[in-house]
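Chemist: As a plain string of letters, each chain reads:
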Amino acid sequence: MLEHIPVLLILAPLLAAFLVTGLAWIQSAYCLPLALAGLLGSLLASIAALHQVMAQGALSYEMASWPPPVGIELRIDLFNSLVLVVVSAVSLINLVASWEFIKREFEDRKETFLALYLLFVTGLLGVTATADLFNLYVLLEITSLSAYALIAMGPSSRAPLASLHYVYLGVIGASFYLLGVGYLYIMTGSLNMGDIASLLPAIWSSQTVLVGFVFCLVGVWIKMAFFPMHIWLPNAYTYASMTASRVLAPLMTKVMVYVMIRLMLTVFGAQYIFRVLDLGPVIVWLAVLAIVAGAVMALVQRNLVKMLCYIIVSEIGYMVGGAWMGNQAGMTGSILHLINDALMTFAVFLAAGNFAFKLGELRLENLRDLFARMPLSSAGFVLAGMSIVGIPPTCGFFSKWYLISGGLQAGQHAYVAALLLSSLINAILFMRVVEYAYFGEVRTGHGHHGGHAHGGEMDEAPVAMVACLLLVVASLVLVGLYSESIVSGMIQPFLVRSFV
Amino acid sequence: MHWQIDLFILTLVIVCALAAINVRDLLGAAVLFGAYSFLMCLLWAIMGAVDVAFTEASVGAGVSTVFFVAAVFQTTRRSKD
Amino acid sequence: MKRIGLIVVILCGAVLLYATRDFPAWGDPASPASTHVSPHYIEHALQETEVPNLVTAVLADYRSYDTMFETLVIFGAGVACFLLLRSFGARRREGWYVRHIPTGVVIHFRKRPRIPHSRFFERLDTEWVPHDLIIMTICRILLPFIQLFSLYVVAHGDFSPGGGFQGGVMFGASLVLMAISFDLRTALSRVGERILALLAFLGVVLYGGIGVLCMLLGGEFLDYSELAKILPVHAEEARALGMIGVEVGVGIAVTAVMAVIYVNIASAGRHDEGL
Amino acid sequence: MEQLLQEIVAKYNYWLYIILMMIGLYAIISKNNLIKKLVGMNIFQTAIILFFISISYKEQATIPIIRNAHGPGHVSPEAIQATAYMNPLPHVLMLTAIVVSVATFGVALAIAVKVYGEYETLEEDEIRTRIREKIK
Amino acid sequence: MDPVVSVRPLLAVLVSLAVVPVLLSSGGRPNVREAWTILAGLIKFGLIVSLVPGVLAGREFSLTLFSFAPGADIALRVDGLGLVFALVASFLWMVTSLYSIGYMRGLAEHSQTRFYCFFAVALSSTIGAAFAANLLTLYLFYEILSLSTYPLVTHHQDEEARKSGRKYLAYILGTSIGLVLPAMILSYNVAGTLEFSQAGIFGAGISPAMATVLLLVFLFGFAKAAIVPLHAWLPAAMVAPTPVSALLHAVAVVKVGAFSIVRVMTGIFGFDLLGSFHLGYPVAIIASVTIILGSLIALSQDELKRRLAFSTVSQLSYIVLGVALLTPYGAMGGILHIVMHALGKITLFFCAGAIMVATGKKYISEMAGIGKRMPLTMGAFFVGSLSIIGLPPCGGFISKWYLALGTLQKQSPLLLGVILTSSFLNAVYFLPIVYKAFFHGPSGGKGAFSVTKEPLMCVVPLLLTAAGSVVLFFWPQLFIDLIEIGLR
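Chains as they are written, first to last, in numbering that gives the first Met the number 0: chain A, 0 to 499; chain E, 0 to 80; chain L, 0 to 274; chain C, 0 to 135; chain G, 0 to 487.
A portion of the hints provided could be inaccurate.
[What the hints assert, rightly or not] Below are the DSS-like pairs computed for lysine-lysine, each with C-alpha atoms no more than 30 angstroms apart in a straight line:
(1) Lys79(E) <-> Lys133(C)
(2) Lys357(A) <-> Lys102(A)
(3) Lys361(G) <-> Lys166(G)
(4) Lys133(C) <-> Lys357(A)
(5) Lys435(G) <-> Lys360(G)
(6) Lys79(E) <-> Lys1(L)
(7) Lys79(E) <-> Lys135(C)
(8) Lys133(C) <-> Lys1(L)
(9) Lys135(C) <-> Lys357(A)
(10) Lys361(G) <-> Lys162(G)
(11) Lys435(G) <-> Lys361(G)
(12) Lys371(G) <-> Lys361(G)
(13) Lys360(G) <-> Lys162(G)
(14) Lys133(C) <-> Lys102(A)
(15) Lys371(G) <-> Lys435(G)
(16) Lys135(C) <-> Lys1(L)
No lab work stands behind these hints, which were simulated from the structure alone.
So that you can see chain A by itself, here it is in the shape it has in the complex (with noise of 0.2 angstroms):
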């Protein structure tokens, strides 16, 4: 069965997807146990993956035997593996934090729920493994028709809203990309992303290979709400369900991101993409934006969900910026912040969605005592937040220093100085919660009576909840730790060919 391992991590959650709609509405008991079932099957073939990509160089798959580009490949190298590994494992960890939250949220029709759910995870499995274009667009499709009615059923009265403008620009933004790949094709006559990159050098100065190229480019950044297309993300991630948000935010943008890096180096190749176009400088100058942009919007936010959302807009600036700096440091650290902020950002939803689970609505002024009705899950986005902020030993500052790195090696001061602010005014976003959550006013009065003072009682979130919590914050740590093998072992043999 080892040859099957790249199709098995697709299938294990899709199959599971079928049946759970199929038992729901016989013996709707064994639905979770299935769903686990599949993400975990999954979450073990993307760990099988990357051993066997580890020992033996990139997996290929040929899609009914038909020898690419005939047929559809799927192909697995260092770069997908891991972030497989990553959105599998994020998928299996939310699903277990959150069943009790979904249980409560959608009642008697939770098991659907589910199999959008498991729908949404194969979406980008599958995204995250073809290494056929159009394919990727299918795929994308179901992601986001998955999200789509995912964020519609989110419990505010203004989450149908959120999503229909996330469906306008999402059809623009899919569309815009299936645009480009018919130019690609129209000039290479095929979709498999080695066999166009094979066939590009010669067409390199043609004007249509470098439309469909920004089409393309521009189609992805508008599902990864990079500036100024983000304006879709702040409101659909808020008013979603908290147990939607919470896949959607750490692993829908980041494999939009991974899509841009894999156009940009395994289709386009670096050569084009440095050298014959000269984009870069115009597109850090506008992750510069994104990051600035971000930052200060997340800055005028009153409710915790949607500051975090902005926060996801600057950290996407960063990784554009790190990938289009035109350097390895930069490429590195994009890809290892990609790695990074998709458990940074699951760790603080996961965190915002054990408060919600208990506060209802995320206003700040909502967190008054927080650390005391809720000490672990507090302690768990303070790390996390530690984390987005970019404070060592957690894995945010590492994946910060190859990007700073990168920037100074190329030049764009601009580019330092964005993060560096925005890593500040992350700074103070996490310090203003952790203020209304730690340090309100002493109830009692401070000063006369010793002991815990705090106001309410511990009222904790369930016990998954917090401890799914508690390992994805462990796992910050651990990975940044050792960001040195990540680097060393994967991504740097990764981009080897692409800048020598």
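Since the structure of chain A is already known, use the hints to place chains E, L, C and G on it.
Modeler: Chains E, L, C and G in isolation, oriented as in the chain A frame:
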């Protein structure tokens, strides 16, 4: 194939598209949108994409329009633009 | 907003027009798109799969993995519509309308009436929808033909335009026609929600199952030629049979999902009254 | 002049698809009515499909179904010429794209119905005032 | 130097971290909690003392924990300088723990468990910073220290405390992220390593302009050293409970800042490079400005803790000044000042806290005559002031002596003048307090002080540190040896 027919239908398609987004009645827009889809399907049939034309006829001109009408039935026909 | 829209549109249009200068001329048989991969399909598909309709061959075999996800998109849309709209609670309403068929008298009830189970009474929708004997009768006659034709489209997809998707949409449309010409309740009493869900499930499982079966028989995922091991045919015919199998799966799933989407949108998820 | 005419005949299809697409894009961005935007979205998608179909067209070629494939006097596999049939690949891709667009359309309509249930209107500006009122 | 791989430095760092869960779980029982705190302090001090003979014998204990990039690992290394700092910090932690028991219980503070936990974390990171083998590790512990002291600063949870906390973090995090981080990465890009070494890491590959910019960025970036104009957080942070001010703002936090600057100048740039680019002098000037300004502002403060805070601002720059002289004596004096100032200043803070606990008084103008009520406390205060001023028989004299020698070596009468002026100013703002405390009557008439006796748990520690200050005057040799090893 005669490019004159092609051009004629293309023009009609564009007219239908403009009408569909400009008519101030959603039910009217639904019908015009159906017409647009059907003309498009014709165009594709001319270009030899029979399978796609078939699909567009059943989906675009058929089911999509029905969904559209159903949605208008559940909401409102009113449209300010 | 209008101004932003105009600027974006003009910008995009200009960029796109700029790119067309490089395009190969329209209909040029020597363009890269027509010479790189596609000749393989045209020249070898018949030999390799025994299916003369090249689109079907590419759709259901060479790029069957895409098609599986295409089915999945439809399936997902059905699930999504169900999740979004289906509400099990009854609508707050002004009353119930019941018609006594022989006299044509319509009675309005404040509370839910207990209608005697007889063919003399029928429930009417609160909101007026056209309800015409002629339409009903004609549709009743037409329905079987539509459905038969859609089955033909599915089955004959290998040789002529059509296939699982088109056939499925037509079959779904026939259900929708039933719901429109009679009313939603009649349609749902023939093909209930559970049955639709089960059909959708069966359809996608049929597709995925064939793929997995190929894998279990020792081939790659969706490599129908492996089916020759359990069918009394040779590998190329097995491919054609596999294609029919998945097309049927697509057809079933699409039928069910089209009906689900329609029913949910038309009744805003309450499944009692609607267009 | 001759050249220009040739250029027009060779490319007008592409240009018209661009016009169509821009109509759709404009509608998505500028229309106020939520369902109108969906119409624009569909026009936008069909325009792209039109573009792909244009790619697949070949002069002097027929629809991509092999003639005389089976039965007596059937064509030998070696005799099939790639230039004799349209390129089937874009057709396949666009079948998928149509399906995707109808699925998206369905889901979007469902969401729009939900939005209407919430605000009793489909006009964006009116919805915005409702939201503002609610916050107050 | 022979390097020895040893886990002892790591253990020394982790001890107080490991005690945090225990503290958390013993939240309800203060005695258990404080017993653990002190026990951890003893173990930590013991571990650090056990490293002394080895270092004196010329060994270098080191341990690489995680590697991040070549030359930028997360690694610990014990050398003379680090050991000096660690010894002082861990010794004073024990004393402070004792003191805080008296203080916190005396004032019945809330959230004491949180207080002890973050105290322990702060100590861990201080020791970590002392033992850091490279700039990356130093930065890591520096940041953890900043964050873990924030809850201590905001301990009172009122508006003023929150404001000060904001100010504190804004200055500390702002500079460390905004200045140190890019400077560090730039240094790494230039040099390819961040490992401290006497020769510096840059070699010939750096231009004078770049070196100047980097040095200045580092100097201001380590804002914990409170170089003017980045000193404003220090007086603001005085809202914290006194043990915090004492340990963290006289010893741990500010000294980590100064120590980081010392490390950067000795280990990253190296004296040779600084000398050849003539970078010592500008730094010395900046430090001198801080010294004089700090002293002048201190003169005008009426709140005792604020006066001490500004005094700290000025004294910290002695350390920087000493190292910036780039002479052996100067460096010796500067680093020795870490030790001497720590003991002197902590005594003064303890006294301020003891007065606070016993009488509730915060302002100097209210303290006339207090010496008669609290003779032990004010006696210790006198010793502490002497040490800060730099008069025998207190440790401060030794460090200032070396500093003065350093300026002479450098042949810079201006800097000598700065040191002398500042010492004079120190005397002007400290001695009147003592004088009034003993020889004036209370301004508000007899019986203005409700205190009957000095709180024991407060007095014992401050006597200990005052005695330590005197002892160091007579036996400073251990530290001098260690620093010599460290600077070799």
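Chemist: Next step is simple, just say for each hint if it's right about the structure.
Modeler: Hints versus structure:
Taking the CA atoms of Lys79(E) and Lys133(C), the gap is near 23 angstroms; set against the 30 angstroms cutoff, the hint holds. A C-alpha spacing of about 14 angstroms is found between Lys357(A) and Lys102(A), which places the hinted pair at or below 30 angstroms, so the restraint holds. Our distance criterion of 30 angstroms between C-alpha atoms is met by Lys361(G) and Lys166(G), whose separation comes to about 22 angstroms. At roughly 24 angstroms between alpha-carbon atoms, Lys133(C) and Lys357(A) fall within 30 angstroms of each other, so this suggested pair holds.
With a C-alpha separation of about 15 angstroms, the suggested pairing of Lys435(G) with Lys360(G) holds against the 30 angstroms cut-off. Taking the CA atoms of Lys79(E) and Lys1(L), the gap is near 14 angstroms; set against the 30 angstroms cutoff, the hint holds. Proposed proximity of Lys79(E) and Lys135(C) is supported: the alpha carbons are some 26 angstroms apart, at most 30 angstroms. Restraint check for Lys133(C) and Lys1(L): the C-alpha separation of about 27 angstroms stays at or below 30 angstroms, so the hint holds.
Distance restraint check for Lys135(C) and Lys357(A): the Cα-Cα separation of roughly 25 angstroms lies within the 30 angstroms cut-off, and the hinted pair is therefore satisfied. Taking the CA atoms of Lys361(G) and Lys162(G), the gap is about 20 angstroms. The hint holds against a cut of 30 angstroms. In summary, the hint linking Lys435(G) to Lys361(G) is supported, as the alpha carbons are separated by about 15 angstroms, within the 30 angstroms threshold. About 17 angstroms separates the Cα atoms of Lys371(G) and Lys361(G), which keeps this hinted pair within 30 angstroms; it holds.
Straight-line distance between C-alpha atoms of Lys360(G) and Lys162(G) comes to about 22 angstroms, which keeps the hinted pair within the 30 angstroms bound. Of the supplied pair hints, the one linking Lys133(C) and Lys102(A) holds, its CA atoms being roughly 29 angstroms apart against a limit of 30 angstroms. Among the hinted pairs, Lys371(G) with Lys435(G) is consistent with the structure: their alpha-carbon atoms are about 10 angstroms apart, no more than 30 angstroms. The hinted pair formed by Lys135(C) and Lys1(L) meets the criterion: a straight-line CA distance of about 28 angstroms does not exceed 30 angstroms.
In this structure, every one of the numbered hints holds.
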